[in-house]
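Novice: Now for the letters of each chain:
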Amino acid sequence: MRRQKKIHLLLLLLLIAEAAAQTPRVISILAKPNADSLSVSVQLADMFHPKIVNTIRSGLPAVIRFDFRVLETPDREIQQALRSLRIVYDLWSDRYNLRFGQREQFVPNFAELEKICHNFEEPHLLSLARLSAQKNYQLRLQVAVIPISAKQDQQLRDWLAGSENTAESAPGEDRSAEFRLNLNKLFSFFWGKKERPFGASEWASSPPFRVE
Amino acid sequence: MTAFLRKNLVRLLAFIAMLAALPAQAQEGRLIVEQVKILGLQKTKPQIVQRYLSFRAGDVLTPELIEQNHQTLQATNFFKRVEFRAEPGTAKGKVVVIIEVDERRRPTFEFAGGYSELDGWFFSPLGVRFDNLFGSGHFLGLRLLIGDRVTGANLRFYQPNIFNSSANFQFDADVLGRQIIHYFDQRQSIQKVNTAGVRLALSGSRGIGKFLSGGYQLYETQPASFARFVHKKDTLYAFPDIIARDLGRKQIGSVWLRLQTDTRDNPFFPRKGVWGALSIEQAMGREAKFTRTIFDGRVYQKIGAGVLALRIKAARASESTPYYERFYLGGVNSLRSFDERSLTPVGYGTKLFLSNLEYRLPLEGGGLRQPRFTGVLFFDAGRINGLKEIIGENVVKSLGFGVRVKVPVLGVLRMDFAYPEKHPDDFHFYLTLGHSF
Chain A
19 MRRQKKIHLL
29 LLLLLIAEAA
39 AQTPRVISIL
49 AKPNADSLSV
59 SVQLADMFHP
69 KIVNTIRSGL
79 PAVIRFDFRV
89 LETPDREIQQ
99 ALRSLRIVYD
109 LWSDRYNLRF
119 GQREQFVPNF
129 AELEKICHNF
139 EEPHLLSLAR
149 LSAQKNYQLR
159 LQVAVIPISA
169 KQDQQLRDWL
179 AGSENTAESA
189 PGEDRSAEFR
199 LNLNKLFSFF
209 WGKKERPFGA
219 SEWASSPPFR
229 VE
Chain B
2 MTAFLRKNLV
12 RLLAFIAMLA
22 ALPAQAQEGR
32 LIVEQVKILG
42 LQKTKPQIVQ
52 RYLSFRAGDV
62 LTPELIEQNH
72 QTLQATNFFK
82 RVEFRAEPGT
92 AKGKVVVIIE
102 VDERRRPTFE
112 FAGGYSELDG
122 WFFSPLGVRF
132 DNLFGSGHFL
142 GLRLLIGDRV
152 TGANLRFYQP
162 NIFNSSANFQ
172 FDADVLGRQI
182 IHYFDQRQSI
192 QKVNTAGVRL
202 ALSGSRGIGK
212 FLSGGYQLYE
222 TQPASFARFV
232 HKKDTLYAFP
242 DIIARDLGRK
252 QIGSVWLRLQ
262 TDTRDNPFFP
272 RKGVWGALSI
282 EQAMGREAKF
292 TRTIFDGRVY
302 QKIGAGVLAL
312 RIKAARASES
322 TPYYERFYLG
332 GVNSLRSFDE
342 RSLTPVGYGT
352 KLFLSNLEYR
362 LPLEGGGLRQ
372 PRFTGVLFFD
382 AGRINGLKEI
392 IGENVVKSLG
402 FGVRVKVPVL
412 GVLRMDFAYP
422 EKHPDDFHFY
432 LTLGHSF
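As you go down the protein sequences, you meet chains A and B in turn. Numbering (this note's numbering) for the first sequence: 19 to 230. Numbering (this note's numbering) for the second sequence: 2 to 438.
What the hints contain is simulated information worked out from the structure, not anything from laboratory work. Even glycine gets a Cβ: it sits at the ideal position worked out from N, Cα and C. Among these hints, one or two may not hold up.
Sample of chain A residues facing chain B (criterion: CB under 7 Å; computed from the structure) [stated by the list, open to error]: (1) Pro79; (2) Ala195; (3) Asn200; (4) Asn202.
Model the full structure from these sequences, guided by the hints.
Specialist: Structural data, given as structure tokens:
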């Protein structure tokens with residue numbers, strides 16, 4: 019009986035460990051001026067949950083979304099910068115294609131792909147002209163790995179701005195245009211538990227930096 | 002020779018049919034669905050989800066197709082979360098599609114509002130909807146309405162794919178107090194008309210059925226025996242005969258049939274395509290017998306950087322039609338540059354023609370797909386029987402310009418500045434929701 023309890027406890031711990039490993043982790047962020055831009059180097063871990071690996075290996079894409087926020091210390095957000103890295107496995111050539119903006123790269127195996135994704139570099143995150151040399155800044159980052167399409171990562175902003183909020187009646191009937199506001203979503207946004215987007219890391223911050 | 006040709010033609014056709022029936026094979030660069038797995042369902046039957054999917058095992062799969070299906074499933078409001086992912090199948094290029102869902106267990110509460118041609122501005126301070134009743138994909142919604150010219154409640158039940166067919170069933174029950182606008186000697190007055198009734202409708206979603214809908218409605222109306230003038234607070238008790246004959250409680254039962262088409266490329270900002278309907282209604286009760294025919298056609302065509310949009314509405318009703326079922330002219334969704342229904346004859350019209358022509362030019366954001374800011378030039382023309390007695394002309398025309406701004410929650414906010422062709426100094430400003438057509 020006692021042995022059975024121990025096994026159950028072990029299974030529970032394994033489950034907790036598995037759940038924790040489902041989301042990517044940001045190990046470090048380093049922001050520094052690079053000519054007239056702000057460059058950033060990010061070290062990541064646990065990027066590829068088996069669900070994501072399977073999706074990639076099936077030949078469908080996966081998208082890594084980097085949500086950077088520039089904060090004027092102590093805590094005033096002044097800028098957002100979104101970046102996406104798209105990964106596709108070419109089944110027939112047995113190689114991985116990485117697309118980041120206009121840049122494209124092919125890698126021969128998954129280990130190589132993981133290495134690139136775990137050490138992300140963006141030399142031109144934003145123009146230094148937008149930042150003041152007299153102030154201290156900090157960079158915050160949340161990383162999400164989304165299978166197939168970034169559109170699966172639904173945001174409240176998309177829901178609020180969605181055109182489907184105005185419905186129109188059928189032709190021939192007395193014309194009516196109306197909007198609908200889902201109160202459940204609204205209440206959970208303001209008073210509900212703030213949940214991370216599915217498959218997203220915790221927010222991580224860089225050390226404070228200046229751009230002089 | 003003829004027999005030889007016929008025999009081989011049959012063989013050729015059989016061969017083509019066999020090729021068409023073969024499931025798609027994985028070719029280089031192409032992914033094929035091997036299986037669709039749906040995870041996380043507790044109350045919803047898997048076939049309810051499958052109905053909304055546009056792909057099956059054997060179909061070619063693309064990320065765009067998955068995006069489209071993801072949006073469709075999200076829009077059902079059955080689920081709090083929908084995630085599509087995949088696993089490699091048993092052969093290269095074959096894919097097992099996995100759809101993981103988190104079911105919505107509670108009903109959705111809604112706040113709604115809008116502008117209706119019939120009822121003016123309205124709000125629904127509280128509505129409750131069950132989008133997936135008992136996990137069967139049925140919709141049940143109840144909402145209260147309060148507005149400029151309407152107060153009441155509506156109950157709706159909607160069942161898609163009845164008896165596993167492509168037909169959809171809808172039931173509505175309404176209890177409404179409506180205010181009907183009349184113009185007597187160019188003075189606006191309001192008359193209350195209470196209605197309560199039910200409406201049953203059948204529509205198709207596939208094949209020829211998607212062009213057809215029809216139904217039956219039964220409702221009781223009771224117009225007030227007086228109307229109040231809006232500006233001077235006096236009351237009218239002696240209605241003209243054309244209105245007086247329809248006063249008193251009346252039960253109206255009618256059947257209706259509608260032929261419709263929609264080939265628009267985008268329902269929110271069409272660049273090309275047609276949206277139109279021809280509907281015929283026949284009331285056959287003891288207390289009211291009348292026929293109404295309405296044609297409403299809209300054509301959209303991209304020209305230059307913008308879109309030219311044309312709407313033609315033509316309607317006819319028999320002389321026995323009660324005035325509150327007849328047609329009106331004037332207002333923001335009808336003929337702009339005139340007050341709401343101010344071009345309508347006493348007792349409303351039985352013949353209506355209305356055309357609206359607009360050139361819509363996206364000015365900022367999202368291009369032609371989803372522009373955030375759109376400039377519009379428009380020309381409206383219309384006529385209704387009895388118009389000459391009101392304005393001295395058979396056809397009224399107006400011109401104008403406006404802007405459409407896409408705003409969060411509300412959708413498209415419309416501002417129009419309209420001028421009557423004959424009196425350009427008498428301009429009207431309108432603020433409402435949605436495109437004009």
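Novice: Are any of the numbered hints broken by this structure? If so, which, sorted upward?
Specialist: Going through the list in order, the structure violates no hint and respects every one.
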